[in-house]
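Chains as they are written, first to last, in the working numbering: chain W, 14 to 355; chain U, 14 to 355.
Be a bit skeptical, because a hint or two may be false.
As the list makes no split between identical chains, a pair holds if one copy fits it or if it spans any two.
When the alpha-carbon atoms are kept at most 30 Å apart in a straight line, the in silico DSSO-like pairs for lysine-lysine are as follows [to be verified]:
hint, residue 1, residue 2
1, K353, K139
2, K307, K117
3, K172, K194
4, K194, K16
5, K139, K315
6, K282, K315
7, K22, K308
8, K142, K208
9, K263, K245
10, K28, K52
11, K28, K290
12, K52, K315
13, K314, K172
14, K263, K53
15, K310, K172
16, K172, K307
17, K314, K25
18, K310, K263
19, K282, K172
20, K53, K25
21, K117, K308
22, K282, K139
23, K310, K353
24, K194, K308
25, K28, K172
26, K22, K139
27, K142, K172
In short, the hints are calculated from the structure, not lab data.
Protein chains: 2
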Amino acid sequence: MLKNDLFLKALKGEKVSRPPVWMMRQAGRYLPEYQVIRKKYDFFTRCQTPELAAEITVQPIRRFGMDAAILFSDILVIPQAMNIEVQMQPGFGPYLPNPIRTPKDLETVNIPDVEEELDYVMQAIKVTKEKLAQEVPLIGFAGSPWTVFCYVIQGQGSKTFNLAKKCCFSQPQLAHQLLQKITDTTIAYLKAKIKAGVDAVQIFDSWGGMLSPTDYQEFSWSYIQQIIDALKDLAPVIVFAKGGWYALEKMTNSGALALGVDWMISPQKARQLTQNKITLQGNFDPTRLYSSPKKIKSMVKKMIDEFGKDQYIVNLGHGILPDIPLENVTAFIEAVQQYKSE
Amino acid sequence: MLKNDLFLKALKGEKVSRPPVWMMRQAGRYLPEYQVIRKKYDFFTRCQTPELAAEITVQPIRRFGMDAAILFSDILVIPQAMNIEVQMQPGFGPYLPNPIRTPKDLETVNIPDVEEELDYVMQAIKVTKEKLAQEVPLIGFAGSPWTVFCYVIQGQGSKTFNLAKKCCFSQPQLAHQLLQKITDTTIAYLKAKIKAGVDAVQIFDSWGGMLSPTDYQEFSWSYIQQIIDALKDLAPVIVFAKGGWYALEKMTNSGALALGVDWMISPQKARQLTQNKITLQGNFDPTRLYSSPKKIKSMVKKMIDEFGKDQYIVNLGHGILPDIPLENVTAFIEAVQQYKSE
Numbered sequence: 014m015l016k017n018d019l020f021l022k023a024l025k026g027e028k029v030s031r032p033p034v035w036m037m038r039q040a041g042r043y044l045p046e047y048q049v050i051r052k053k054y055d056f057f058t059r060c061q062t063p064e065l066a067a068e069i070t071v072q073p074i075r076r077f078g079m080d081a082a083i084l085f086s087d088i089l090v091i092p093q094a095m096n097i098e099v100q101m102q103p104g105f106g107p108y109l110p111n112p113i114r115t116p117k118d119l120e121t122v123n124i125p126d127v128e129e130e131l132d133y134v135m136q137a138i139k140v141t142k143e144k145l146a147q148e149v150p151l152i153g154f155a156g157s158p159w160t161v162f163c164y165v166i167q168g169q170g171s172k173t174f175n176l177a178k179k180c181c182f183s184q185p186q187l188a189h190q191l192l193q194k195i196t197d198t199t200i201a202y203l204k205a206k207i208k209a210g211v212d213a214v215q216i217f218d219s220w221g222g223m224l225s226p227t228d229y230q231e232f233s234w235s236y237i238q239q240i241i242d243a244l245k246d247l248a249p250v251i252v253f254a255k256g257g258w259y260a261l262e263k264m265t266n267s268g269a270l271a272l273g274v275d276w277m278i279s280p281q282k283a284r285q286l287t288q289n290k291i292t293l294q295g296n297f298d299p300t301r302l303y304s305s306p307k308k309i310k311s312m313v314k315k316m317i318d319e320f321g322k323d324q325y326i327v328n329l330g331h332g333i334l335p336d337i338p339l340e341n342v343t344a345f346i347e348a349v350q351q352y353k354s355e
Numbered sequence: 014m015l016k017n018d019l020f021l022k023a024l025k026g027e028k029v030s031r032p033p034v035w036m037m038r039q040a041g042r043y044l045p046e047y048q049v050i051r052k053k054y055d056f057f058t059r060c061q062t063p064e065l066a067a068e069i070t071v072q073p074i075r076r077f078g079m080d081a082a083i084l085f086s087d088i089l090v091i092p093q094a095m096n097i098e099v100q101m102q103p104g105f106g107p108y109l110p111n112p113i114r115t116p117k118d119l120e121t122v123n124i125p126d127v128e129e130e131l132d133y134v135m136q137a138i139k140v141t142k143e144k145l146a147q148e149v150p151l152i153g154f155a156g157s158p159w160t161v162f163c164y165v166i167q168g169q170g171s172k173t174f175n176l177a178k179k180c181c182f183s184q185p186q187l188a189h190q191l192l193q194k195i196t197d198t199t200i201a202y203l204k205a206k207i208k209a210g211v212d213a214v215q216i217f218d219s220w221g222g223m224l225s226p227t228d229y230q231e232f233s234w235s236y237i238q239q240i241i242d243a244l245k246d247l248a249p250v251i252v253f254a255k256g257g258w259y260a261l262e263k264m265t266n267s268g269a270l271a272l273g274v275d276w277m278i279s280p281q282k283a284r285q286l287t288q289n290k291i292t293l294q295g296n297f298d299p300t301r302l303y304s305s306p307k308k309i310k311s312m313v314k315k316m317i318d319e320f321g322k323d324q325y326i327v328n329l330g331h332g333i334l335p336d337i338p339l340e341n342v343t344a345f346i347e348a349v350q351q352y353k354s355e
């Protein structure tokens, strides 16, 4: 039914003429057409208005022709739906005025009816699917329970998320109870998104990579595994754990169809750790988009050669930065579209 | 001559009864006796007054009896000496009001006579050595050229150091010229420190781990290697690259006597990547010091068992956090002092 099914083929490990490409945070701040909308509506209004979210989602597809769209939204809609206030402060980022730190705080946290509380997301998916008109697949996403937990405990972004980790190490029971509540909500949320029409889901574990391998297993991976188990028969699941190279071997046999990798691991090493058994997604350094278009093209070509064109989805190793020139994005996407192996 | 030479023995790979222990940032904010000095003198006054720097350096040795002292100072004394203004703003961190961004900016950067410009460091070393009275060795340190460069370009701390990386990728010539100036200054600085009496030097590559393996080689490691080459016959060199697991194989044969590792790599994996050929230092997660003293002791014991007692220096995987309870530090140090292999 989809006109361009490169992305779904790569997820399943089928042979392709060239790898598909999309970019983390492709719907967003580097686009002038996004800035027009941004000036009129605040962040959560953009997320919560289906027409706006859908429009933002399809903007990069129109301009660059990526092989997949990803729904414009935010990982922190989950705590919002769980009765935790989340503000998005311009120039500062997320701010949660009432972080969860004690068993009493935890009592105020709900496991919501996501189809009701996050109905606006489901509506946005439906409008987006109409706009996309079967051109490319649509990805839905959620933060990993650990990554959402980091914000819920810390109350804001952080270099070390020391309060989140302090909670795990000094109040492990509280930490696990909260992580389980977030996990249960996330499973219901992603199931509803799949029902509403997304073609694949990605779990963003942005802060997993600050845990030791042992603590990662206990506080992050065990919850991601629950999500994969609940979803794997419903839609393809991609897991991206920034900095999580040390868990790649384990992730390979988890039931996820693809694993995201960041640029701190070479393609060869990533293939080795995953034994060539799974589709990989990544791993261009987002700041390497500051290079010249010519340099970008040659680096993308080399990256595809190194990962191999099959079982591979071209992407950045983290979200695109707001000040990347449009012609550099064009160079990145075109290098993939024009790829020919030798 | 030294009464306790465990640290130097471990550096040389000699057999020891138990591994030595020290903690990154052991001279600092978690100590009440440091807070007394902090209330009276601002940050750079503490660095620049030999009596104060020496007193702060020996405070943790007196209280906990670590096996090595590390001179209280800052990596940003180097750009200061190079004619780049550096302020330390309480609650914000380093701030460089005139960051280097253009060839014209670069012209204002000097390679100083470090023995003159940083004479206060050499004096601090002499006072510290007297205070230590040959009890334990003294470590001197510098930031890696890349890490210092990050601050000099960015002008402040950052989650991504996007401006520093942008400089490398869009003005590589400028980047390399500045990196070379920092390297030349750092070599002269560490030579002077060794002459003044430090027993070993550590290079802190705090931000190397945000570069891809290829870019790490070009923008960080090649300069660290120059420093090692210049110093290795004068004193033991320790290199700590946070997040630099992917470069461990290369570092093993660099002439450094020891490599620091963070807690995102298991002891077994670190030993494997370095082929059991070099002394390793680390790698306790600093936030794991929020655990109970009992838990800390069992984790330290396990960590030593996994690294092995020889060719090993017990340390954290990054600096100690300011709100760690003193009894937890005691547990960490005592677990090493009481270590017996089975």
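Hint check results:
1. K353 x K139: neither (35 Å within a copy, 64 Å between copies)
2. K307 x K117: For K307 and K117, the Cα distance is within 30 Å only across copies (27 Å; inside one copy 57 Å).
3. K172 x K194: For K172 and K194, both the intra-copy (25 Å) and inter-copy (29 Å) Cα distances are at most 30 Å.
4. K194 x K16: For K194 and K16, the Cα distance exceeds 30 Å both inside one copy (39 Å) and across copies (55 Å).
5. K139 x K315: neither (38 Å within a copy, 53 Å between copies)
6. K282 x K315: both (15 Å within a copy, 28 Å between copies)
7. K22 x K308: The answer is within: 29 Å in one copy meets 30 Å, while 48 Å across copies does not.
8. K142 x K208: So K142 and K208 pass the 30 Å test inside one copy only (12 Å; across, 70 Å).
9. K263 x K245: Answer is within: at 16 Å inside a copy they meet the 30 Å cutoff, but 40 Å across does not.
10. K28 x K52: neither (43 Å within a copy, 66 Å between copies)
11. K28 x K290: For K28 and K290, only the intra-copy Cα distance (14 Å) is at most 30 Å; the inter-copy one is 43 Å.
12. K52 x K315: Neither: 39 Å inside a copy, 55 Å across copies.
13. K314 x K172: Between copies only: 28 Å across, 33 Å inside.
14. K263 x K53: neither (45 Å within a copy, 52 Å between copies)
15. K310 x K172: between (32 Å within a copy, 27 Å between copies)
16. K172 x K307: between (34 Å within a copy, 28 Å between copies)
17. K314 x K25: within (22 Å within a copy, 45 Å between copies)
18. K310 x K263: Answer is between: at 28 Å across copies they meet the 30 Å cutoff, but 33 Å inside does not.
19. K282 x K172: both (27 Å within a copy, 25 Å between copies)
20. K53 x K25: So K53 and K25 fail the 30 Å test inside a copy (40 Å) and across (64 Å) alike.
21. K117 x K308: between (55 Å within a copy, 25 Å between copies)
22. K282 x K139: For K282 and K139, the Cα distance exceeds 30 Å both inside one copy (39 Å) and across copies (47 Å).
23. K310 x K353: within (12 Å within a copy, 56 Å between copies)
24. K194 x K308: Between copies only: 26 Å across, 46 Å inside.
25. K28 x K172: Answer is neither; intra-copy 40 Å and inter-copy 38 Å both fail.
26. K22 x K139: So K22 and K139 pass the 30 Å test inside one copy only (23 Å; across, 67 Å).
27. K142 x K172: neither (37 Å within a copy, 35 Å between copies)
Hint compliance for this structure: hints 1, 4, 5, 10, 12, 14, 20, 22, 25 and 27 are broken, all remaining hints hold.
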